[in-house]
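There are 2 protein chains.
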Amino acid sequence: MVDVCLPGTGGMLPLVRRYLTCCWVEVMGKAILIDCGEGTQMALSAAECHVSRMECLLITHFHADHISGLPGLMLTLGNQGKTTPLVIAGPAGIGRVVSSLLVIAQKLPFEIIIKELDQKSPEKFEIAGLEINTLPLKHKVPCLGYNITYHRKPVFNPQKAAALNIPVTYYKNLHAGETVEIDGNIYTPDMVLDGERKPIKVTYCTDTRPFDGMVDFAEGSNLFVCEGMYCDDQMREKMNEKHHMLFSDAANIAQKANVPELWLTHFSPALTHPAEYKDDVCKIFANTVITRDGIKKTIVPDDNI
Amino acid sequence: MVDVCLPGTGGMLPLVRRYLTCCWVEVMGKAILIDCGEGTQMALSAAECHVSRMECLLITHFHADHISGLPGLMLTLGNQGKTTPLVIAGPAGIGRVVSSLLVIAQKLPFEIIIKELDQKSPEKFEIAGLEINTLPLKHKVPCLGYNITYHRKPVFNPQKAAALNIPVTYYKNLHAGETVEIDGNIYTPDMVLDGERKPIKVTYCTDTRPFDGMVDFAEGSNLFVCEGMYCDDQMREKMNEKHHMLFSDAANIAQKANVPELWLTHFSPALTHPAEYKDDVCKIFANTVITRDGIKKTIVPDDNI
Numbered sequence: 084m085v086d087v088c089l090p091g092t093g094g095m096l097p098l099v100r101r102y103l104t105c106c107w108v109e110v111m112g113k114a115i116l117i118d119c120g121e122g123t124q125m126a127l128s129a130a131e132c133h134v135s136r137m138e139c140l141l142i143t144h145f146h147a148d149h150i151s152g153l154p155g156l157m158l159t160l161g162n163q164g165k166t167t168p169l170v171i172a173g174p175a176g177i178g179r180v181v182s183s184l185l186v187i188a189q190k191l192p193f194e195i196i197i198k199e200l201d202q203k204s205p206e207k208f209e210i211a212g213l214e215i216n217t218l219p220l221k222h223k224v225p226c227l228g229y230n231i232t233y234h235r236k237p238v239f240n241p242q243k244a245a246a247l248n249i250p251v252t253y254y255k256n257l258h259a260g261e262t263v264e265i266d267g268n269i270y271t272p273d274m275v276l277d278g279e280r281k282p283i284k285v286t287y288c289t290d291t292r293p294f295d296g297m298v299d300f301a302e303g304s305n306l307f308v309c310e311g312m313y314c315d316d317q318m319r320e321k322m323n324e325k326h327h328m329l330f331s332d333a334a335n336i337a338q339k340a341n342v343p344e345l346w347l348t349h350f351s352p353a354l355t356h357p358a359e360y361k362d363d364v365c366k367i368f369a370n371t372v373i374t375r376d377g378i379k380k381t382i383v384p385d386d387n388i
Numbered sequence: 084m085v086d087v088c089l090p091g092t093g094g095m096l097p098l099v100r101r102y103l104t105c106c107w108v109e110v111m112g113k114a115i116l117i118d119c120g121e122g123t124q125m126a127l128s129a130a131e132c133h134v135s136r137m138e139c140l141l142i143t144h145f146h147a148d149h150i151s152g153l154p155g156l157m158l159t160l161g162n163q164g165k166t167t168p169l170v171i172a173g174p175a176g177i178g179r180v181v182s183s184l185l186v187i188a189q190k191l192p193f194e195i196i197i198k199e200l201d202q203k204s205p206e207k208f209e210i211a212g213l214e215i216n217t218l219p220l221k222h223k224v225p226c227l228g229y230n231i232t233y234h235r236k237p238v239f240n241p242q243k244a245a246a247l248n249i250p251v252t253y254y255k256n257l258h259a260g261e262t263v264e265i266d267g268n269i270y271t272p273d274m275v276l277d278g279e280r281k282p283i284k285v286t287y288c289t290d291t292r293p294f295d296g297m298v299d300f301a302e303g304s305n306l307f308v309c310e311g312m313y314c315d316d317q318m319r320e321k322m323n324e325k326h327h328m329l330f331s332d333a334a335n336i337a338q339k340a341n342v343p344e345l346w347l348t349h350f351s352p353a354l355t356h357p358a359e360y361k362d363d364v365c366k367i368f369a370n371t372v373i374t375r376d377g378i379k380k381t382i383v384p385d386d387n388i
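The listed protein sequences correspond, in order, to chains V and X. Residues 84 to 388 in our numbering are what the first sequence spells out, letter by letter. Residues 84 to 388 in our numbering are what the second sequence spells out, letter by letter.
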């Protein structure tokens, strides 16, 4: 199971009633946070996301509304007693930006491991047992979309194990992919497993102009979280200028990618009631959620095994 | 008249229900903000302090809870169309710290004028027609207390002006301290003014250990805003370690300085209901206010002229 939360859903500047856009993905007690604007630590607290579980911070880009909360959050992690390393990944230059911001948050009690990501081509890496894939987006500055994929262990077949007289205490090791030796006999995972299960995948894209590559990137996701800065088609020209998307742009991508669910986020401060436009966007993609701060979902795959 | 507001009253980290400590002082439509932690722009918005009126940001010290909101606020000022310069003053090194933080807020449409202040001895300067005085405080890092003094114009005596046959159109110039020449005759302000009026003074001290110099610094203030990180005397040792003050420390200074009113602020996140301790602290200094976010006061001097 994968827990997803959007503690904040606003773009540009933090409002009293809407924190800045970020995304929390938690699997088996280990969490990844995407973006950290001013007030994100307050948003995480309000949404009851436990920052002590954070293993990684993914930054989409260096606009302040996506990264200005970094020094405060680092200090809070330190004050909470974090001593294990934190990976901070983002577009090339992230090391320099983090280092500049930490001028006011020095002597942290944990190590920060910087991972600079390519802006020209997609990358794939693993953090906290989760597979991360990137997609270079089309914004005013280098910006990355992220896929977070949880590869579940294959189905364990206890009948097969019992037929081989394998003691129950070894089931866990075999299920985890280890080969075990019992009384001189070698048992490999394939002898007791029943094939792969579908992974759980969350796709997160903000800030960007819409483009075809996003469809491929979102395909196969259980949840597609995407920016929708404005809803009104009259704002199309402004969105071109500002390198952002309309609700309808995101819905078109969701429809083409054939995802089960779209969460819209990163609303303009001028958009005080984004939910008013739900009916319009649902005509393009029926299962669109106009999110609010603190929205949560536990993704349980269809097969439920 | 001087408007004072504490949009936030918390120390260390921003809470969902308590923004970080800062102070807004506004006179004749021009405002000075003291400190700008994470979320301060939200606090200012909630307290209806109009940031477009800001002429100066005074920073007490470089701990994140007092300065981490700077890049976000600068961008918001820019987005609101600010083109006039903003003075940012703080302890020596402020230029380097501001420059580092602005790595995520470049190309601002207004000039930032940095004023580095001495940490060893008090300084006096003028911003937006207000006199600022500093006091080096005793914290873990260089830290400054601030006095903001509004020197009101002397009383204008229209009888004196009329007796000299000065046309009414010149009253404003003479009242503003200008000498005027009318039909070859020279008129100086002292010919029509009735002497000085008491200035209005606000004193702001956080973060620090208590010390005698604070008494002199606060003396003559209409309002003394002072940190009280904890209330309980059992926390005295911790306050020594952390270089902070108890409620009782602040009340003792207010009592010795004989100020009319003390506002306590910068409460520890662990202190969920600081007002519970009001009776105790009022035994030391009766007119103590345990503040809450958004507290406001318009200081009208006693003489009311």
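Hints are computed from structural coordinates only; laboratory data are not their basis. Treat the hints with care, since some could be wrong.
Same chains, same names: a pair is fine if it fits in one copy or spans any two.
What the hints assert, rightly or not - Result set (DSS-like, lysine-lysine): computed pairs, CA atoms no more than 30 angstroms apart in a straight line:
{"#": "1", "residue 1": "Lys-255", "residue 2": "Lys-366"}
{"#": "2", "residue 1": "Lys-207", "residue 2": "Lys-339"}
{"#": "3", "residue 1": "Lys-203", "residue 2": "Lys-339"}
{"#": "4", "residue 1": "Lys-203", "residue 2": "Lys-236"}
{"#": "5", "residue 1": "Lys-325", "residue 2": "Lys-113"}
{"#": "6", "residue 1": "Lys-203", "residue 2": "Lys-165"}
{"#": "7", "residue 1": "Lys-361", "residue 2": "Lys-198"}
As the structure is a computational prediction, the values presented were derived from the model and not from experiment.
Hints, one by one, checked against the model:
{"no.": "1", "hint": "Lys-255 <-> Lys-366", "verdict": "neither (47 angstroms within a copy, 65 angstroms between copies)"}
{"no.": "2", "hint": "Lys-207 <-> Lys-339", "verdict": "within (23 angstroms within a copy, 65 angstroms between copies)"}
{"no.": "3", "hint": "Lys-203 <-> Lys-339", "verdict": "within (24 angstroms within a copy, 65 angstroms between copies)"}
{"no.": "4", "hint": "Lys-203 <-> Lys-236", "verdict": "neither (32 angstroms within a copy, 63 angstroms between copies)"}
{"no.": "5", "hint": "Lys-325 <-> Lys-113", "verdict": "neither (35 angstroms within a copy, 32 angstroms between copies)"}
{"no.": "6", "hint": "Lys-203 <-> Lys-165", "verdict": "neither (34 angstroms within a copy, 36 angstroms between copies)"}
{"no.": "7", "hint": "Lys-361 <-> Lys-198", "verdict": "neither (38 angstroms within a copy, 50 angstroms between copies)"}
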